[in-house]
Amino acid sequence: MINLPSAIKVSARALSVNKMRSALTMLGIIIGVAAVIAMLSVGAGARRQISEQIAGMGSNLIIVLPGGATSGGARMGAGTLPTLSMSDADAILKEAGAVEEVAPILSGIAQVVWGHRNWSTNVLGTTPGILVVRDWPLESGRPFTDQDVKTSTKVCLVGKTIVDNLFEGADPVGQIIRIKNVPFTIIGTLAPKGQSAIGQDQDDTILVPVTTAQKKLFGTTFPGMVRIIMVKAKSGDDLPAAEKQTNDILRQRHHIGPKQDNDFTVRNLTQMMQTAEQAANVMTLLLGAIASVSLLVGGIGIMNIMLVSVTERTREIGIRMAVGARSWDIRTQFLIEALTLSLIGGILGILIGVGGSTALSAIAGWPTLVSALSLILAFCFSGIVGIFFGFYPAYKASLLDPIDALRYE
Amino acid sequence: MPLIEIKEVSKVYSLGGAPLNALDKISLEIGRGEFVAIMGPSGSGKSTFMNMLGCLDRPTSGKYILEGVDVSGLDRDELALIRNQKLGFVFQGFNLLSRTSALENVELPLVYSGVPAGQRHERARQSLKTVGLENRLHHHPNQLSGGQQQRVAIARALINDAPIILADEPTGNLDSKTSREIMDLFVRLNTQREITIILVTHESDIAAYSKRVIRFLDGQIVNDGPGGNNA
Ligand SMILES: Nc1ncnc2c1ncn2[C@@H]1O[C@H](COP(=O)(O)OP(=O)(O)OP(=O)(O)O)[C@@H](O)[C@H]1O
Ligand SMILES: [Mg+2]
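One line per chain: the protein sequences are A and B, in this order.
The opening residue of the first sequence carries number 0 in numbering that gives the first Met the number 0; numbering runs sequentially from there.
The opening residue of the second sequence carries number 0 in numbering that gives the first Met the number 0; numbering runs sequentially from there.
You can trust all of the hints, since none of them are fake.
To spell it out: a stretch of chain B is covered by chain A in this simulated footprint if at least three of its residues, at any positions, have a beta carbon under 8 Å from a beta carbon of chain A; those stretches are:
| # | stretch |
| --- | --- |
| 1 | 51-58 |
| 2 | 81-93 |
| 3 | 109-118 |
Note that these hints are calculated values from the structure, not bench results.
Where is the CB? At the ideal position from N, CA and C, for every residue including glycine.
Starting from the given sequences, assemble the full structure and let the hints guide the process.
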């Protein structure tokens with residue numbers, strides 16, 4: 000039984016004799032492992048971003064858009080015709096058992112002025128329900144109330160971006176800003192939420208009572224018109240029921256016959272996001288698989304060099320056999336050599352992979368996530384590559400005939 | 000019981016044409032503590048015989064009994080163990096590992112018999128002292144003279160306290176003065192430690208150091224008689 004320290008010493012010596020060759024052989028593994036790590040971290044980053052967006056959007060969310068998938072034979076995109084109203088939202092909240100809260104929304108882009116500063120932002124006319132539907136807590140101040148909605152008061156809640164840009168971070172509660180030249184009193188600030196799924200700054204938002212938005216800011220084609228209705232189901236399990244109830248209630252209210260298409264569209268956002276998450280998983284797997292190919296090529300490089308090494312050192316093998324090395328000793332020695340190549344390559348690859356994915360997120364702004372699991376996996380995988388591709392050369396060396404090996408020129 | 004018993008051993012090489020009898024039904028006994036020189040013209044089968052004695056090669060037919068054990072039937076790992084424990088080799092071309100110190104070269108057999116590192120160094124140092132190289136421990140083969148390299152090889156053959164040293168033209172690459180020093184070393188090992196020494200040589204003044212001379216011709220033993228060192 001050859002002892003490990005001396006086998007490792009022999010390997011280190013053999014590898015250092017041909018430094019350039021060893022380095023080039025390792026390069027294959029380095030590139031392979033670095034690619035695997037970078038790809039996995041890009042995939043994991045994308046997945047985490049989607050998960051965060053799901054969490055940030057509010058859970059168990061259904062969105063109702065005006066306009067059907069098809070309308071009168073012509074395909075119309077959802078959201079094209081204004082068909083939803085405040086009373087639709089009220090009806091859903093009242094009649095759908097699986098629904099916890101609704102928030103009708105009428106929104107638009109508007110110019111906001113405070114003192115000599117101005118800012119163009121997204122103004123959402125809505126009801127107090129929005130804070131529940133979107134899991135959106137307040138940072139300071141108070142929310143507006145149903146009473147505010149009923150009486151169309153000119154109050155508003157502002158997002159963090161507004162606070163930063165108009166008030167330079169100072170608490171704006173109690174200040175009066177002009178939205179489309181209409182004065183609004185700020186009664187509260189919204190907790191920061193970050194970017195949305197489509198990369199929108201969600202904090203660049205002002206919430207006002209929906210009735211105020213209808214009357215003073217955006218106008219309506221019919222009384223009580225809203226652009227979308229957000230619906231929150233009581234729980235994840237209630238989502239399908241909430242979706243169906245919403246659909247049924249709206250069909251009834253919009254007098255849609257059994258054979259007619261909807262003039263609205265119900266979308267289960269959580270489900271959509273979960274689908275996106277699954278897609279990200281598949282993408283991660285695919286990227287990882289592609290990167291593994293380079294690891295495989297690196298492994299073949301190791302095999303190639305180990306075969307060369309065995310041939311070059313046939314005489315050495317003969318000498319070792321002559322003084323009593325068994326097949327196992329020779330095999331272990333060459334396996335350790337292959338393993339040394341692949342593991343050092345693996346470690347360097349991990350460093351470069353981690354550095355690369357950090358650079359990717361810093362320079363290209365991609366969300367990347369290096370998980371400990373992917374590092375361990377990459378390390379083990381490079382070890383397995385070393386053993387797998389090192390085995391044949393080592394096996395070949397161990398089967399050499401002592402006398403032939405000694406006589407080898 | 001003789002140390003080595005060879006019975007009707009043949010080695011046949013068949014390369015394309017007619018089979019070649021490198022060894023042709025050789026029978027022979029060698030006792031413990033003998034000092035045997037093997038002579039004969041080039042191609043007469045001396046190296047073939049030595050390789051077979053050294054368990055580096057197997058006979059085509061016949062029996063080879065070493066210390067009462069028939070080694071012709073052992074597998075490669077069992078033969079490796081015999082080479083490790085019972086035999087020491089000295090080759091014409093030294094066969095040392097390059098880029099490896101004298102000390103580590105001498106240690107090599109102990110690495111494969113699982114002796115711990117500290118003990119290995121100590122024994123290798125002792126062995127190198129026996130051959131007079133105690134102040135060349137960390138020299139690599141390319142930093143040693145031919146005679147010194149052959150001494151390292153002898154130190155390596157000695158380290159496992161093997162009862163037999165096999166040397167195929169150990170002085171073939173050395174000048175006559177160095178050859179005499181190496182032969183004196185063999186004689187000392189033979190007389191002081193009772194190590195059985197079997198060596199191949201072309202030179203009769205080298206053979207004169209031995210107690211028994213065996214002459215080979217065309218794969219057969221043609222003469223087996225006393226050497227010059229039978230005083
Ligand atoms: N591997 C081999 N394959 C085929 N023939 C071989 C092989 N090894 C040796 N021979 C043949 O066997 C015969 C004996 O060879 P061997 O090497 O034993 O001679 P030798 O007595 O040692 O000669 P020298 O004094 O030149 O070393 C030679 O004719 C040689 O050609
Ligand atoms: Mg010969």
